[in-house]
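Trainee: Here's the letter readout for the chains.
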Amino acid sequence: MTNDFILFFPVVLVSLGAIGLMLAGTCRCFRLEHAAWASGGLFGLAFLVQLSATLACDHSLYNSLFKDILVVSPFSKAAGLVILGCGLFSVCSSISYFKRNNFSGVEYYSLLLFAAAGMLLLTMTRELVTAFIALEIMSLAIYVLVGYDRDNVLSTEAVMKYLVLGAFGGAFFAMGGAFIFGAVGSTKFHLIGNFVATNGFSASPALLAGGFFIMVTLFFKAAAFPFHAWVLDVYDGASMPITGFMATALKTAIFAVFANFLLADAALQQGWVNVLFYIAILSMFMGNFIAIGQNSLKRMLAASGIVHSGYLLIGLVALGSQQQIPGSVIAYYLAAYAAGTLGIFSALSFLSGKGEQWKNFNDFKGLAKTNPYTAFAISIFLLSMAGIPPTAGFMGKLYIIIAAIKAGHVSLAVLGIVSSIIAMWYYLRLIVLMYFHEAERSFVEEYPCRVGMVSTFVLVLCVFAISLYPIAL
Amino acid sequence: MIHDYLVLSVILFCLGIVGVFARRNVFTVFMSVELMLNSANLAFIAFARLHQNMDGHVLALLVMAVAAAEVALALAVVILLHKQTGKLDTNVFSLLKG
Chain A
3 MTNDFILFFP VVLVSLGAIG LMLAGTCRCF RLEHAAWASG GLFGLAFLVQ
53 LSATLACDHS LYNSLFKDIL VVSPFSKAAG LVILGCGLFS VCSSISYFKR
103 NNFSGVEYYS LLLFAAAGML LLTMTRELVT AFIALEIMSL AIYVLVGYDR
153 DNVLSTEAVM KYLVLGAFGG AFFAMGGAFI FGAVGSTKFH LIGNFVATNG
203 FSASPALLAG GFFIMVTLFF KAAAFPFHAW VLDVYDGASM PITGFMATAL
253 KTAIFAVFAN FLLADAALQQ GWVNVLFYIA ILSMFMGNFI AIGQNSLKRM
303 LAASGIVHSG YLLIGLVALG SQQQIPGSVI AYYLAAYAAG TLGIFSALSF
353 LSGKGEQWKN FNDFKGLAKT NPYTAFAISI FLLSMAGIPP TAGFMGKLYI
403 IIAAIKAGHV SLAVLGIVSS IIAMWYYLRL IVLMYFHEAE RSFVEEYPCR
453 VGMVSTFVLV LCVFAISLYP IAL
Chain B
3 MIHDYLVLSV ILFCLGIVGV FARRNVFTVF MSVELMLNSA NLAFIAFARL
53 HQNMDGHVLA LLVMAVAAAE VALALAVVIL LHKQTGKLDT NVFSLLKG
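As they're listed, the protein sequences go chains A and B.
If you're matching positions, the first sequence starts at 3 in the numbering used here and goes up one per residue.
If you're matching positions, the second sequence starts at 3 in the numbering used here and goes up one per residue.
Everything labelled a hint here was simulated from the structure, so no lab data went into it.
These numbers were taken from a predicted model, which means no experiment stands behind them.
All residues carry an ideal CB built from backbone N, CA and C; glycine is no exception.
Errors might be hidden in some of the hints.
Covered, in the sense of this in silico footprint (three residues per stretch, anywhere, with C-beta under 8 angstroms from a C-beta of chain B), are these stretches of chain A [to be verified]: (1) 126–136; (2) 163–175; (3) 182–190; (4) 405–418.
Hey, can you work out the whole structure from these sequences and the hints?
Mentor: Take a look at the structure:
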């Protein structure tokens, strides 16, 4: 019972903190800085609590009350850690971002906590309608955060596009849940798994259709190949810290629930493995193709997020072959990717200036001459995302490719390597611009912000620290 | 009997999909999404009848709550859009490109 409480405590902490901040926002003496520090503190505390709970196998939370609806596994715990870490660093980059932009409010930090609460629930849930509700708690908070700058036409357009497509995807999830409920008579993952194990993957058309609808929603939310078009516009319209938070924490939560759903039964994963195989390949190459053509750094990072979704889908293809801890490769890749991406967005939060006026590749020419440390940090993050040793990104790609070979998909592994070579083109382009060109503008800080700098360098350390962490394949 | 309800729910769902893609007014697009969610509710209730248990009814109620929250946010976005552009036609939103 005590163990249950500790495992569930991060969710309680984050959601109560979100409600508390929302209420405190009505008080005039509660200022923005207080809200920022309070939400950062809550993320940090929840992270430590999550870290303190040790766990060897799957554990059903409050089994007499929830009846296998919430299950904590080592994989969901790792995903929760990544999400809470992303929240903490997003708060730090928000602090530096709002030194120059002043559309923030106390509710901004409260919504970050709400989104994190939905994501944490999403990593634990083993039931389709709970997953739907957690997905919507997360998405509704993210929609508001994307459109938080109410005077900016771009961000309103972004939230409109995201809301229409997100609600459309959510409706697919609800319908998929209904169909699976019709076929199985329950929406719990383990009962769906039992049904698939006894009756086969394509036993009833309702089960197939339901699985298909749920896949569509998850591919959409993860920005995988046929449903990737929204991601460029939404990332472009959202503010820098929110883009970083969406790119990392949201992806972590979606891949956690995706892996949990596929792990319900091996037959379910085997049934969808061909679809995952082709979507992984198409996501990687389509993402690379889009990223090469971008001039805006933010849009390039959005497109590279599609490529990373492709790599994570390779991890899902190889999911069945992992003996010790299923999903450990995916969790590792998510952590490595999160450190690099959050680092870049954290640096951009204080470099992009008022109203994000500098966000194209050419705006960062000669950065290394004036801000050598920041340029060095950005280079490390880019090298990690490109997959150059000894960074975390390299180890993540290595583990994913080894897992794919072990699962017998050698062609997928080869295509993954080819894609990462193509990806060098757009990652190294920024490094070349920063180091081998003369500066065209001065990068002098108007309001230097220590929090943003410190969090960026902590993330540089994270990139190396994560690469040293061993996982069992 | 239950079969008829399922066919109706699938028809409503397809109408919703068509509405999202074919309509150009933001209001109608959001109404189409609501139609899709409600067709899922109908499917939940019909399947609950098929399995002779109450689970589907509870799930439909939960989906309704989520749909209500989503509509509240959608209406807020519609007001914001109207304030900024004066139009509710999805064709005017083409600033984000590249």
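Trainee: So, for every hint listed, does it hold in this structure?
Mentor: Here is what the structure says about each hint:
1. 126–136: holds (count 3)
2. 163–175: The restraint on the stretch 163–175 of chain A holds, since 8 of its residues have a Cβ under 8 angstroms from chain B and three suffice.
3. 182–190: holds (count 5)
4. 405–418: Violated: only 0 residues of the stretch 405–418 of chain A have a Cβ under 8 angstroms from chain B.
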